[in-house]
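Trainee: One letter stands for each residue in the lines below.
Protein chains: 2
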Amino acid sequence: MDSLGRSWLLLTGFVLFYFTYLLFGALVFSSIERPVEEELRRDLDALKRSFLNHSCVSAADLELFVSQVLSANRYGVTVHRNSSGPSNWDLTSAMFFANTLVTTVGYGQTAPLSDTGKIFSIVYALIGVPFTMLVLTACVQRLMYPLVLAPLGLLQRLGLKPRPAAAVHFLLLLVLVVLCFFVAPAAIFSVVEGKWSFLDGFYFCFISLCTIGLGDFVPAMQPEQNLKEVYQITVMVYLFLGLMMMYLLLRTFHKMSDLHGLTTFLQLPRCEESDLEDDREPIMENRQGDQKRSQHTQQAASEHLEPASQPSYNSISTR
Amino acid sequence: MDSLGRSWLLLTGFVLFYFTYLLFGALVFSSIERPVEEELRRDLDALKRSFLNHSCVSAADLELFVSQVLSANRYGVTVHRNSSGPSNWDLTSAMFFANTLVTTVGYGQTAPLSDTGKIFSIVYALIGVPFTMLVLTACVQRLMYPLVLAPLGLLQRLGLKPRPAAAVHFLLLLVLVVLCFFVAPAAIFSVVEGKWSFLDGFYFCFISLCTIGLGDFVPAMQPEQNLKEVYQITVMVYLFLGLMMMYLLLRTFHKMSDLHGLTTFLQLPRCEESDLEDDREPIMENRQGDQKRSQHTQQAASEHLEPASQPSYNSISTR
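Those sequence lines, one after another, are chains A and B.
The numbers in this note's numbering rise by one with no breaks, and the one at position 56 of the first sequence is 56.
The numbers in this note's numbering rise by one with no breaks, and the one at position 153 of the second sequence is 153.
Simulated from the structure, these hints should not be mistaken for lab results.
All the pointers check out, no bait thrown in.
Take a look, some chain A residues computed to stay more than 12 angstroms from chain B by CB distance:
{"no.": "1", "residue": "Asp2"}
{"no.": "2", "residue": "Val192"}
{"no.": "3", "residue": "Tyr231"}
When the alpha-carbon atoms are kept at most 20 angstroms apart in a straight line, the in silico SDA-like pairs for lysine to any residue are as follows:
{"no.": "4", "chain 1": "A", "residue 1": "Lys48", "chain 2": "B", "residue 2": "Cys56"}
{"no.": "5", "chain 1": "B", "residue 1": "Lys195", "chain 2": "B", "residue 2": "Tyr231"}
{"no.": "6", "chain 1": "B", "residue 1": "Lys195", "chain 2": "B", "residue 2": "Val218"}
{"no.": "7", "chain 1": "B", "residue 1": "Lys228", "chain 2": "A", "residue 2": "Arg34"}
{"no.": "8", "chain 1": "B", "residue 1": "Lys48", "chain 2": "A", "residue 2": "Pro86"}
{"no.": "9", "chain 1": "A", "residue 1": "Lys48", "chain 2": "B", "residue 2": "Leu52"}
{"no.": "10", "chain 1": "A", "residue 1": "Lys228", "chain 2": "B", "residue 2": "Leu23"}
{"no.": "11", "chain 1": "A", "residue 1": "Lys48", "chain 2": "B", "residue 2": "Ser67"}
Glycine included, every Cβ here is placed at the ideal spot set by N, Cα and C.
Please model the entire structure based on the sequences and the hints provided.
Mentor: The structure is reproduced here in structure tokens:
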């Protein structure tokens, strides 16, 4: 089969697998969550019935009341406890919201109510999201040497060959990130947030650092939270550092995949800087002739695999 | 100033500007949303008082009731209207949830209730998020020729030089994406979803396609929605295509920035494939000698600017 045919077959396979994966997820979520949901519904129905029985409220009045309470709750305003409590839009809370916008985490525990707020959110994110990516990229570039290149050099000096060294380094980095940005914060959240279990904390960290941000768990939302401002700023710093480390991990994984030929196999773009290096001085070790030859063979193979339908933008003259 | 100093100055500037931007956002959001929130709170307080006055419910009973209603609502279960209505975990709804997990949009209008569901969400996203990025990348690679390279070639054949051609092409692509993936869907949503204005629809499209996914607006959540399943699947397809186009737009912008020297100026990694092309056949036009020279000068400048602290991973020998 020619490379173009193989490339389309691979894409078709990807898309089919993607939908199968969604369907599989749907079946599992449905079978896990449906019984729990039904139980909650039954409980809530019983609660409503008992509330109506023990008071002289009409069902219609209660419906109307609950409907308005829920609609206000959608914007973070609750009638529950004291509605004159701390605002969702004090300075640190608003900064927390701005932070979840530009990092694309978007918990949505608070959301703009007014049309002006919605328009400003759009404009703010339009500038803020790319700018945050820029800042994260710039920070990760500076972390590449101390966290990727230096340890890799050390592993090689300890006698490991480059490919196993890259794999060992990636695993070590993964363990470090999981411990410092998932396990430790989850333990802290399970102490600070009264109602969160360790699993809840871990789930919050994962859902946040993947930028999914479901918003079913959001820190510093307890009405009687001590030092709420300091706590919110700490969470913001945690989110920023965590996203930085996730990006570093992703880049390291991408580069390791380049090294192991995975990106070539999946016909993905290789990591940036990948092909610029041939003329540069190696920093750790001198290249052996046979290594250079094997690399060239690999590159030729990669060029052979690239389908004809993917000419590069940069092959157009640059003036 | 040497390039290393300039590089750190730029990073410090970025980080400072980032925090200023967050603070600015906080001030604006706070000043826009606080009065609206206070009005909503007053309305809700009045509603609660009037409800308590016209019924024989005690304030404490109501607090307890509302607190449980709100806690159930956090997981998508409402006592409002008919709590025996359609499940949040029927097959298409669960698929919709799975889709918002793997695309990192994460509205959170429904969220797993059980610990098993939370653990499964983590595992599911761990595989699903990178795989979705892979599928999106693979699709975008196939769209590069018909939507980027072919139109660019056409613009150049019409007499435009490469840089203006790239800028004109980017603007045209932007207009196309805004019309097809923001304006048109917003108009459709404002018709299909009874309570959404055009702005609400546009805001939903923007918040979704940036993967922020606040979840204050989620389609197909009306209890009496006709053809709910078909509607949810259509929204899923819209999200997938929209994210693909956003990614294409981002990649085109990155490549245009390469061409205009913006990535070099900001010391960011250049787009993949950027430096591999010198030996390839140009697809549209033959390169002029002076163009090639100017490109080489630019490349040399870019290498000069790269700080010494950023040696590449690939400069380590590849065996």
